[in-house]
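Kindly generate the complete structure, drawing on both the sequences and the hints.
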Amino acid sequence: MGKNLVPTHLLAPAGTASLDAYIQEVNRVPVLTLEQEQSLARQYRDSDDIEAARHMVMAHLRFVVHVARGYAGYGLPLGDLIQEGNIGLMKAVKRFDPDQGVRLVSFAVHWIRAEIHEFILRNWRIVKVATTKAQRKLFFNLRKSKKRLGWLNRSEVDAVAEDLNVKPEVVMEMESRLSGQDVGFDLRPDDDESPFMSPAAFLENQAGSPEDVTEAEDWESHHHNLLFDGIDDLDDRSRDIIYSRWLREPKATLQDLADQYGVSAERIRQLEAAALKKLKTCFQA
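When the letters of the sequence shown are read in order and numbered with our numbering, they come out as residues 4 to 288.
It cannot be assumed that every hint is accurate.
[To be verified] Straight-line distance between alpha carbons at most 27 Å, and here's what the computed DSSO-like set of lysine-lysine pairs gives:
1. K280 - K254
2. K254 - K281
3. K283 - K254
I should point out that these hints are in silico values taken from the structure, not numbers from a laboratory. Please read these numbers as outputs of a predicted model, since none were measured by experiment.
Next comes the structure, spelled out in structure tokens:
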């Protein structure tokens, strides 16, 4: 049984938008009843009915998503975790025996987690954090055993070591490895599946091409000149109102200018509105 057991777009979701669509789609696949599952499993076991196996896989893709989400804290894309879990699901379907009295979901969880574990250990760090069976067990259980964020204190180290039946020195070494995760150089800074900022993000020039930058600067300079040319064309009182209300700090209030010119605040508002309207025409010429 290979990766072509289910449609490609349901096997390997990629990107945030397509991942959301994938999850919605697999959640629409009806859950199998016990009778349906038993019938399909026997069809596949006895007759090598690939369509029956496909039906079982499709009905359990939502469960893979649930399991994969439990490993989101390792800094790897959820879509990749789901893809690996789907492979484990297909392996479970291939080996499932309906006569054992166990539901497929209970049998498959071990295969799904095994594939996800292997993927994490291959990709979580450039320098592998777990190379022996004991280290692998510690790798996945240490994160669950920690009572708080940050470094474990001595009593916590001893408690974890006793719980996992390893030496305290082994726990401290693994804690050190877990606290020094590598960051991919070209990881996208907008990748929602990872909390890390890549070095490439600090080196990338976000200003655009030289042509775009020059064009934007020329356009800004042109509008700046139009604005001040328009201000120069205003009468002295209107020019002072615009400067006082918009271009100086602290800005004058309508009442401040009303007292200055011996008119009402409403008259100052009217003069300001007329001046702004005249300035807008400068940009429309």
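Going down the list of hints, with the structure as the test:
1. Between the alpha carbons of K280 and K254 the distance comes to roughly 20 Å, so the proposed pair stays at or under 27 Å and holds.
2. Among the hinted pairs, K254 with K281 is consistent with the structure: their alpha-carbon atoms are about 21 Å apart, no more than 27 Å.
3. This hinted pair checks out: K283 and K254 have alpha carbons roughly 21 Å apart, not beyond 27 Å.
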